[in-house]
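Q: Residues per chain, in single letters:
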Amino acid sequence: ETGVTQSPTHLIKTRGQQVTLRCSSQSGHNTVSWYQQALGQGPQFIFQYYREEENGRGNFPPRFSGLQFPNYSSELNVNALELDDSALYLCASSLVSGHVGSPLHFGNGTRLTVT
Amino acid sequence: QQQVKQSPQSLIVQKGGIPIINCAYENTAFDYFPWYQQFPGKGPALLIAIRPDVSEKKEGRFTISFNKSAKQFSLHIMDSQPGDSATYFCAASKQDDYKLSFGAGTTVTVRA
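If you read the protein sequences in the order shown, they are chains A and B.
Quick note on the working numbering: the first sequence kicks off at 1 and runs consecutively.
Quick note on the working numbering: the second sequence kicks off at 1 and runs consecutively.
The shape of chain B in the complex, shown without the other chains:
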């Protein structure tokens, strides 16, 4: 049973475009929602995380939007660059245990 559903599976944008990745969760006990970036041959690296008491969080060119009532959250990559080409994973857990449930991943390709 997949607790976090992620879409799309892949997307391609031009440099400067805004890739948007969406995730939905079922478990209302989740209260920690991180996004990870993974390059080929590397482990996932934490990009940005949000807790359900805020609806939006920005760090640099990365923005998370969170809709608690819909149990959905999304990642926007502003002014995307070819170096942002990677696989992005959303995840969720209870804050006190960090046992993450991951989405299936979205492969983002940014064309120069």
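Next up, chain A with everything else stripped away, as it sits in the complex:
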């Protein structure tokens, strides 16, 4: 069973730039969620994707956007980067069948630094 993999592991960007982070979900999972974890804080829910559509969003501005592909992998895009976007970005996958979901399995994250 392949776990959740994220790329890249580390990234440095300049304020105002755009960034794309990638996630491959665990084998057999069909739902992907993205979380932002600032240093010393708990993860904050960004959004969830199910059947290639956004299925719920946390308190994040529209410059945070995402995609889910037919193979259930996903991308997180952040435009107009701000210094406060510096954080660990976590992807988590789960299996949703009907109205029942399985627990989230997290990847090891992408550490984004905005200078």
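A few of these clues could be false.
The calculated DSSO-like cross-link candidates involving lysine-lysine, where the alpha carbons are at most 30 Å apart (straight line), are [unchecked claim]:
| # | chain 1 | residue 1 | chain 2 | residue 2 |
| --- | --- | --- | --- | --- |
| 1 | A | Lys13 | B | Lys99 |
| 2 | A | Lys13 | B | Lys42 |
| 3 | B | Lys94 | B | Lys71 |
These are calculated hints, taken from the structure and not from any lab test.
Given the structure of chain A, go ahead and fit chain B onto it with the hints provided.
A: Just chain B now, kept in the frame of chain A:
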């Protein structure tokens, strides 16, 4: 608005001690309460989870206690070992959406 409040921020115990981490939630619609363990440079890993129809759940050395009326739940680590040194997060969500609200985390250090 933080929907799950976690305490303490950090704690240190001797090997064999029982670290206890407490969490409180506000949203009565929450019905799924997991605990995650995170080591430096790694993503959170699910430790144990409880639903509000039970007051206690044990898995190995980890025990969750749940008080629905007080909207509180806690994690006990029995016979703690140095390898348990990590950051622990409580979380909550509605079971059918798994959109987790996390606490701020507790860094546990177990001294040999």
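Q: Could you run down the list of hints and mark each one as holding or not?
A: Checked hints:
| no. | hint | verdict |
| --- | --- | --- |
| 1 | A/Lys13 to B/Lys99 | 28 Å, holds |
| 2 | A/Lys13 to B/Lys42 | 22 Å, holds |
| 3 | B/Lys94 to B/Lys71 | 14 Å, holds |
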